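There are 4 protein chains.
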Amino acid sequence: MIRAAVAGASGYAGGEILRLLLAHPQFEVGAVTAGSNAGERLGAIHPHLTPLADRVLDDTSVEVLAGHEVVFLALPHGHSAALAAQLPEEVVVIDCGADFRLESAQAWTTFYDTPHAGAWPYGLPELPLAGGARQRERLAGARRIAVPGCYPTGISLALAPGLAAGTIEPSDVVVVAASGTSGAGKALKPHLLGSEVMGSMSPYGVGGGHRHTPEIEQNLGRAAGLPVTVSFTPTLAPMPRGILATCTARLTEGADPASVRNVWEQAYAAEPFVHLLPEGVWPRTADVIGSNNVHLQVAVDAHAGRVVVVSAIDNLTKGTGGAAIQCANLALGLDEALGLPLTGVAP
Amino acid sequence: MIRAAVAGASGYAGGEILRLLLAHPQFEVGAVTAGSNAGERLGAIHPHLTPLADRVLDDTSVEVLAGHEVVFLALPHGHSAALAAQLPEEVVVIDCGADFRLESAQAWTTFYDTPHAGAWPYGLPELPLAGGARQRERLAGARRIAVPGCYPTGISLALAPGLAAGTIEPSDVVVVAASGTSGAGKALKPHLLGSEVMGSMSPYGVGGGHRHTPEIEQNLGRAAGLPVTVSFTPTLAPMPRGILATCTARLTEGADPASVRNVWEQAYAAEPFVHLLPEGVWPRTADVIGSNNVHLQVAVDAHAGRVVVVSAIDNLTKGTGGAAIQCANLALGLDEALGLPLTGVAP
Amino acid sequence: MIRAAVAGASGYAGGEILRLLLAHPQFEVGAVTAGSNAGERLGAIHPHLTPLADRVLDDTSVEVLAGHEVVFLALPHGHSAALAAQLPEEVVVIDCGADFRLESAQAWTTFYDTPHAGAWPYGLPELPLAGGARQRERLAGARRIAVPGCYPTGISLALAPGLAAGTIEPSDVVVVAASGTSGAGKALKPHLLGSEVMGSMSPYGVGGGHRHTPEIEQNLGRAAGLPVTVSFTPTLAPMPRGILATCTARLTEGADPASVRNVWEQAYAAEPFVHLLPEGVWPRTADVIGSNNVHLQVAVDAHAGRVVVVSAIDNLTKGTGGAAIQCANLALGLDEALGLPLTGVAP
Amino acid sequence: MIRAAVAGASGYAGGEILRLLLAHPQFEVGAVTAGSNAGERLGAIHPHLTPLADRVLDDTSVEVLAGHEVVFLALPHGHSAALAAQLPEEVVVIDCGADFRLESAQAWTTFYDTPHAGAWPYGLPELPLAGGARQRERLAGARRIAVPGCYPTGISLALAPGLAAGTIEPSDVVVVAASGTSGAGKALKPHLLGSEVMGSMSPYGVGGGHRHTPEIEQNLGRAAGLPVTVSFTPTLAPMPRGILATCTARLTEGADPASVRNVWEQAYAAEPFVHLLPEGVWPRTADVIGSNNVHLQVAVDAHAGRVVVVSAIDNLTKGTGGAAIQCANLALGLDEALGLPLTGVAP
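Protein sequence lines correspond, in order, to chains A, B, C and D.
Residue 1 is where the first sequence starts when you use UniProt numbering, and the numbers rise one by one after that.
Residue 1 is where the second sequence starts when you use UniProt numbering, and the numbers rise one by one after that.
Residue 1 is where the third sequence starts when you use UniProt numbering, and the numbers rise one by one after that.
Residue 1 is where the fourth sequence starts when you use UniProt numbering, and the numbers rise one by one after that.
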């Protein structure tokens, strides 16, 4: 068994990694650490993780984390770099924060107030790249991997095939996505109270203000082989988990509408987690909850001259914890899909 | 008191009209009719309408409806024309169905399987029209009014000011909207079961397939004074009421981003129901539930070159029943806002 | 118009009082005060109260509140006494806190850590009292009234008729109630986050630990004319508003099961807000949301020898703000039901 | 691998069995059959079961089911007997319907309109029986097992230890339980629409009218060794999955309140799925969703003289499909917990 530590285990991302580790045939749960929650029973923080209920959270420190083959970091943004720098090079470090996702220091400093820490191999294995390669190839054997943000995962996988194939134009991409509240974490903010959230939809970070925009554009730019501009509006939906991303882009002039579906079909035919649904069937977030799946559908709106792609993921599984395990599998040379749920929990 | 009849009172739209009539100082509830539910107690159909619990639903017929000063039709699409034709001309008939909304017979026949019945004055009083007028002017004293669809209400009011002022371009409008489930009515369909809906977001009618697209384009075309093309994707959200519409369009070349907000401010400064929120505050559907309000916000995404407008309405109030009362007020020469709730029920 | 001030207007109770005042034909909104939120726009706190959006919250102080004919206190428990003592005697003070609800100082000190402030006339007008009177009689013309807690309202009205009539036994009452999350207020506690609440039911204050137990027993004791013991378990339900109280008590030996329904029918036949539903129809919280109604049903479980009464109320309306207005109406000699909504907002 | 067939796979119970079979290391999914949905893709019925999306539902028939080592029946009540009678004796048949749960023909005919089919070994392994045995002992090697109803599972496990130990009295048990909507199945009934369910709590089958009452009393009677009478009120909660059962009974005269907790602790110390939470921590349904766990807590209400036990289960997992797998494991001599999830999916 491979011993895995989870730093920042008291948050939703950390809890999801633990849930998935418990079901994984090759990993065993090692150190489980937290900041202000250190010293508490895990059962008091994540009562759904019944088998770990009596474990006590350690302080997050290099000493506690050292000695594991894999360390998952699920820390607040800006906290990973210092810790990662002190972990031995041979340890596989999988960072669920934003710290190492962006190559552009300028993009980083626009949205974050800590110094740019650099970029690690980006953990979205299925991402088609311009020229025909996949992001996966950059992850095998890596010792440091940056797990994508939840929105960028659903959105990039939705649009990348069309950009890589030149089916859609890179200059006018519009995305509106709805996320469950766990995407906002456990912060005690009034607008995240159940009383405020239930029965309500609301947007936030409108007008280019969301931190995930440069990450989405970076991914789509790698797929297109040229710069991509995205108008991205995230919204908060009255559900605990799930992201539904509605992504539209102009159909490239001269592109054959009838062959659009083929582009996505071919892009994901061999992928274990990305599923283009049968024609006419649209994704529902409920169907992917708890799984590492991406459900996708694509249609051409001939009237508006746009391609519409909708993806559904679980923001905590494929959007965070599942991707982290998938990256660790790749880094360690295991089957990429090992131990990851392929079925959702519905209804 | 003005006697008002409601035909099709067993559906959600009919129930909402009754709720608002009960609170209106000038209307009294006359005949209340239904199709297959005729003969049942209203309390068995709409238990929230406590004061009407013991009323029994009549059969929908000209005989029952005649003799009222106002008749509200809340019938399935395609059923209003035959009935309306038999009602005396002097009766104010307010149709909540789609039958008389579209001027273009071609647009109608693309989406509906009944013959095109024609077009009545369109009941969206606040709609700014090209040239400076308002749709309101066409409604004073009208005896027949077509109440807008719920999506077109939220979307048209969000975008029309910018199109009327030339601030945004008419050629590439992209709208993604989320609706509560009451927008889909009371039809017994598996995907509308609570077990399926709760915790889930899903799109439908994607790729130009939604019936409301031509109505939205008709409204926006009237505002712009030239044809408008819209990519519209509706989604179903896990909440009973409310529509959040995220509407984006390209900022017109040469338009001053700094003056964009002014356009919407001026457009709605005098409107009792349409509220541009303070800068930086975004609408939430919860805040307008049960009210006839529209909450709006606008922002310029300089990076993407787009204006983003988000509106929130209650699909059953401003989106249907409230608009119907508002139209009746106008037709009868009453204060347009009379009896209509200006506060939402939250949290 | 009667000027009414609301102290503690930033909480859910205060917001609800304001919502109802806006719809009341005789009250106008005077001072609106808060503690830590003083200085903020009301629109930032209660965006659903659109007509009051630009009002700024004052500091809660005697100076600001003085000069109103009615002052509603919606303060944290323990804060009303000091303030009320400084308000002129002729001002009608309606307290939504717990401070003046309990006659027994011992009961108070078991559950609260401030000194017992005494007891004011208890604002549950419909409560049947032993001997045939109603609580209403004690409220006409009162200058100080204590508004009941939300659970005690739904539970006391459900059980009191049977106790007053001797139909059910006072010694073994068992109540399990489910409340929407607004009943827990706006406190920023982890278990009240939307992510935690949605899709989940959980109990709290089990085993006699809930503060509302002595208040329920006080009310039921007044109805029965002798001490009543209640086992009360409150649960938190995934909805923002509403209380469903399932109340059971042993059928008194010798009581005629066939006449049980009559007892409740007679008790509430003349009440404007308490509605015994037709036989076999059970209350749903959705049907009373936003209204001042109580929906009730009663059945005899012959097998278990128990009477089961279920009531549904909106915890913020009849459970708090609506009751406060109803009490003010009574104190001022207005029609008790004036300005109070008799229809729910559903679906 | 052991081939397992699922009859009635289109319902929620059938879907859950399939979900769990996919994760089980010893079972493989054989025939998957339905009634009116036969011929459809499983992906159209249960889109969350991604790996089975392209399987087509067969007609439910003996021919199709024969040749499997295990057959799970998830049929409407009354349909299992005829089918089971035709399956070879050596086939393990696990019935999720009510048909074979009740020993008393009289109890059966009070609640069901088909003839009493008899009783099979009852599949609640953890149930403590009077005299010290467990129900488990009656299941090892059985070829026919009746899976308990969802309510009886949560309620029986909550109360049985106290009855078996004589800590609580059998004569006055009161239970109020809240269930997610999947417990009502996929029937297209108006009150199960999302619009009706969201934001609402409501009771049903009040006054002894619920079919699960005799099953609960049968189980508790076996634990107590004498007849138990239960007042049971089920309520519908706005969530797709989960049951929270609040169960109370009189503390036996002379019983020591301080030792009450010990009784439950000892009863379940060795059980893999039943977890008595740490003192003062109460169950939440969210924590057990998707798992086969039962979370329990017990408290003494000294004031009311009652013991209160609250249990949380997932009605589809431990309440149906998980129990079915657990029974199959036992029947086949596998580890009882094999392949069953011990962690919930939360938040």
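Don't read these hints as lab results, they were simulated from the structure.
Accuracy of the hints is not assured; some may be wrong.
With a cut-off of at most 30 Å between alpha-carbon atoms, the simulated DSSO-like pairs for lysine-lysine come out as follows [as the list claims (entries may be wrong)]:
1) B:Lys186 / D:Lys189
2) A:Lys186 / C:Lys186
3) B:Lys189 / D:Lys189
4) A:Lys186 / C:Lys189
5) D:Lys186 / B:Lys186
6) D:Lys186 / B:Lys189
7) C:Lys189 / A:Lys189
8) A:Lys189 / C:Lys186
Just so you have them, the derived chain B footprint on chain C, three or more residues with Cβ under 8 Å [said to hold, decoys possible]:
9) 1-12
10) 30-38
11) 95-101
12) 154-162
13) 275-282
Given the structure is predicted, the values throughout are model-derived calculations rather than measurements.
From the three backbone atoms N, C-alpha and C, an ideal C-beta is built for every residue, glycine too.
Hints, one by one, checked against the model:
| no. | hint | verdict |
| --- | --- | --- |
| 1 | B:Lys186 / D:Lys189 | holds (10 Å) |
| 2 | A:Lys186 / C:Lys186 | holds (16 Å) |
| 3 | B:Lys189 / D:Lys189 | holds (9 Å) |
| 4 | A:Lys186 / C:Lys189 | holds (10 Å) |
| 5 | D:Lys186 / B:Lys186 | holds (16 Å) |
| 6 | D:Lys186 / B:Lys189 | holds (10 Å) |
| 7 | C:Lys189 / A:Lys189 | holds (9 Å) |
| 8 | A:Lys189 / C:Lys186 | holds (10 Å) |
| 9 | 1-12 | violated (count 1) |
| 10 | 30-38 | violated (count 0) |
| 11 | 95-101 | violated (count 0) |
| 12 | 154-162 | violated (count 0) |
| 13 | 275-282 | holds (count 4) |
In summary, the numbered hints that this structure violates are 9, 10, 11 and 12.
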